[in-house]
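Chemist: Protein sequences, first through last, are from chains A and B.
Using the working numbering, you'd call the opening residue of the first sequence number 7 and step up by one each time.
Using the working numbering, you'd call the opening residue of the second sequence number 7 and step up by one each time.
Calculated directly from the structure, the hints in this document are not laboratory data.
This one's a predicted model, so the numbers in the text were calculated from it and none came from an experiment.
Treat the hints loosely; a few may be bogus.
Since the list gives no way to pick out one identical chain from another, each pair is judged satisfied if it fits inside one copy or across any two copies.
Under the rule of at most 30 Å between Cα atoms (straight-line distance), these lysine-lysine pairs were calculated in the BS3-like manner [unchecked claim]:
| # | residue 1 | residue 2 |
| --- | --- | --- |
| 1 | K233 | K312 |
| 2 | K232 | K312 |
| 3 | K50 | K312 |
| 4 | K137 | K348 |
| 5 | K348 | K50 |
| 6 | K319 | K348 |
| 7 | K319 | K94 |
| 8 | K142 | K319 |
| 9 | K348 | K142 |
| 10 | K50 | K319 |
| 11 | K287 | K94 |
Number of protein chains: 2
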Amino acid sequence: MGRESVPALLRVLSGERLDPPPVWIMRQAGRYLPEYRELRTRAKSFLDFCYSPALATEAVMQPLRRFPLDAAILFSDILVVPDALGRKVWFVEGEGPRLNPLIEDESWRFDDAQRALQRLAPVYEAVERIKAAIPKEIALIGFAGAPWTVATYMLQGRGGDKDVARRTVYQRPHDVDALLDVLVEMTAQHLAAQVRAGADCLQIFESWAEGLSPVLFEELILLPTKKLVARVRELGVTTPIIGFPRGAGAQIAAYAQQTGVTGLGVDTQTSASFAIASVPKGMPLQGNLDPQTLVVGGQALEDAAKDVLFSFKGAPHIFNLGHGITPDATPENLARLIQVVKGGV
Amino acid sequence: MGRESVPALLRVLSGERLDPPPVWIMRQAGRYLPEYRELRTRAKSFLDFCYSPALATEAVMQPLRRFPLDAAILFSDILVVPDALGRKVWFVEGEGPRLNPLIEDESWRFDDAQRALQRLAPVYEAVERIKAAIPKEIALIGFAGAPWTVATYMLQGRGGDKDVARRTVYQRPHDVDALLDVLVEMTAQHLAAQVRAGADCLQIFESWAEGLSPVLFEELILLPTKKLVARVRELGVTTPIIGFPRGAGAQIAAYAQQTGVTGLGVDTQTSASFAIASVPKGMPLQGNLDPQTLVVGGQALEDAAKDVLFSFKGAPHIFNLGHGITPDATPENLARLIQVVKGGV
Numbered sequence: 007m008g009r010e011s012v013p014a015l016l017r018v019l020s021g022e023r024l025d026p027p028p029v030w031i032m033r034q035a036g037r038y039l040p041e042y043r044e045l046r047t048r049a050k051s052f053l054d055f056c057y058s059p060a061l062a063t064e065a066v067m068q069p070l071r072r073f074p075l076d077a078a079i080l081f082s083d084i085l086v087v088p089d090a091l092g093r094k095v096w097f098v099e100g101e102g103p104r105l106n107p108l109i110e111d112e113s114w115r116f117d118d119a120q121r122a123l124q125r126l127a128p129v130y131e132a133v134e135r136i137k138a139a140i141p142k143e144i145a146l147i148g149f150a151g152a153p154w155t156v157a158t159y160m161l162q163g164r165g166g167d168k169d170v171a172r173r174t175v176y177q178r179p180h181d182v183d184a185l186l187d188v189l190v191e192m193t194a195q196h197l198a199a200q201v202r203a204g205a206d207c208l209q210i211f212e213s214w215a216e217g218l219s220p221v222l223f224e225e226l227i228l229l230p231t232k233k234l235v236a237r238v239r240e241l242g243v244t245t246p247i248i249g250f251p252r253g254a255g256a257q258i259a260a261y262a263q264q265t266g267v268t269g270l271g272v273d274t275q276t277s278a279s280f281a282i283a284s285v286p287k288g289m290p291l292q293g294n295l296d297p298q299t300l301v302v303g304g305q306a307l308e309d310a311a312k313d314v315l316f317s318f319k320g321a322p323h324i325f326n327l328g329h330g331i332t333p334d335a336t337p338e339n340l341a342r343l344i345q346v347v348k349g350g351v
Numbered sequence: 007m008g009r010e011s012v013p014a015l016l017r018v019l020s021g022e023r024l025d026p027p028p029v030w031i032m033r034q035a036g037r038y039l040p041e042y043r044e045l046r047t048r049a050k051s052f053l054d055f056c057y058s059p060a061l062a063t064e065a066v067m068q069p070l071r072r073f074p075l076d077a078a079i080l081f082s083d084i085l086v087v088p089d090a091l092g093r094k095v096w097f098v099e100g101e102g103p104r105l106n107p108l109i110e111d112e113s114w115r116f117d118d119a120q121r122a123l124q125r126l127a128p129v130y131e132a133v134e135r136i137k138a139a140i141p142k143e144i145a146l147i148g149f150a151g152a153p154w155t156v157a158t159y160m161l162q163g164r165g166g167d168k169d170v171a172r173r174t175v176y177q178r179p180h181d182v183d184a185l186l187d188v189l190v191e192m193t194a195q196h197l198a199a200q201v202r203a204g205a206d207c208l209q210i211f212e213s214w215a216e217g218l219s220p221v222l223f224e225e226l227i228l229l230p231t232k233k234l235v236a237r238v239r240e241l242g243v244t245t246p247i248i249g250f251p252r253g254a255g256a257q258i259a260a261y262a263q264q265t266g267v268t269g270l271g272v273d274t275q276t277s278a279s280f281a282i283a284s285v286p287k288g289m290p291l292q293g294n295l296d297p298q299t300l301v302v303g304g305q306a307l308e309d310a311a312k313d314v315l316f317s318f319k320g321a322p323h324i325f326n327l328g329h330g331i332t333p334d335a336t337p338e339n340l341a342r343l344i345q346v347v348k349g350g351v
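Bound-form chain A, shown alone (with noise of 0.2 Å):
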């Protein structure tokens, strides 16, 4: 197919620099929608909602009649993952994820991952449906949690602060290896499996990158992050992969050059100079106005807009937050970003 065809998401994946540049939007598909908010009834659970092709094709759905996106994300959760893999998964309504967590259990053990794949099958046909529904010039794109980030749920039994997640770290080196190389396995099955479904490109989201000394960041995202993308090769699966390493900080640098990543989500606080200068040269970027903008609106959305559009124009880049977009947002903000966008500098 003629180049003009190819989406503009991966048009950017593969090195080249557009103006203006594609966007989409983390949480995109999300709770800021009062569409979405009436469709999320029609579940009972959360889970319930992203093991419904019907639902979580609808949800995808959503924000592209609303906006000129250039990507949809599957909508679905990072912690399928271990729900799948035999450790229950639930959500407390207005608190976030619960499992039962492993630092309370003697043995850490879990059901194998062709298993849990088949137990995902419905993520699979969600991501056939979404590639159907979608015209062709919107990149679909697939996602899981990094294992480290989805480990923290699994040891924690929750989100918040990852202090119990870490001392087993320390306390536990081998058991944690162990899990996270279980991690690795059934994430790269499962990010496989959404290509071959139809997903254009893959994220991983390490959502907690952050507070690790760096021996541990080394050990628990570096090496497991290398470990998954190499796997995700060997599977066959050709198709670009962005990491999003929230909260690295300075170790951005080591990510990008280190885990095989094809491109670096960037957050809000990394300036694009300093990502610009620490990835291997020509690394295609996304990122990273500040979500808070996207509730306050008005100049300073636009202000703070064109300031990211502008400073990430040494890059080949991708429009988006540097966070998921919050249930306070409003559609109509959204929509003005994306003119100021699509109006470049």
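Since the structure of chain A is provided, determine the placement of chain B on it from the hints.
Modeler: Relative to chain A, chain B alone:
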């Protein structure tokens, strides 16, 4: 007096490298000590405790009786500043501080700095008592919260995520600037008064340096801290000042180069090599052991401590944690840590 009678902490802050390095521990007077927990019961509220020179002095002395530490730090709280400015502060057991949030007020009025300073007289009396009680080779550190960190509590009425504070910055930029100016002046006066009462050096805690866009980092952290340091100097203070911008990531370079601080507190996540490469040549660095190692103890503690000692060999170094010691750490582990540090690498 002879060079050898100058406290080791001050020698390092003047640029000298000592082996073994001086050591103190953030929150060394704290809940991990049984005698502290007993002492704490003698005051009705946490702020009453801070405002009692006798209790504050006793709290400071407790860890010095157990451990060969090189510094004492005033027992107080960063929120005495808003409290003195007339924004009443209270602490909810197990949850943290509360203030009536500014965002719910129409006008932001504060008592003037001179009157506020008089309310803090018990703090300066505590400094005098502590100074008289400690051996002369132990340095006494005074401290305050940085303007932005204190402002986040005042804006939101509590800690936690800083979305509300950041949103207010976008919505009411001039009001936030004015608030930061009030805090700069009051904090400078507060720090200068501590030095007049006997503090040998100062630390500025920027506990919430994380999550700000580069533009906001400059407005909310770099400029106010620069103003604060300049104002402290204008008030005649010549003692060294340690700046601790926790979570600043790659922005520590700008912070160390632009604010005028004497030394830099390094958080757990920042590698020594990045810190050394980022700060002006020869700047003293303080940090950065993971506090969770003091919960775990054993080989994990020794390995992590030696890694910190070794990795900071290229700079004048003050050994400390990268964050405060936690209530579930043990005094035995801290004793072992200090043995390891004093044994050198």
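Chemist: Any hints from earlier that this structure breaks? Give me their numbers in increasing order, please.
Modeler: 3, 5, 7, 10 and 11
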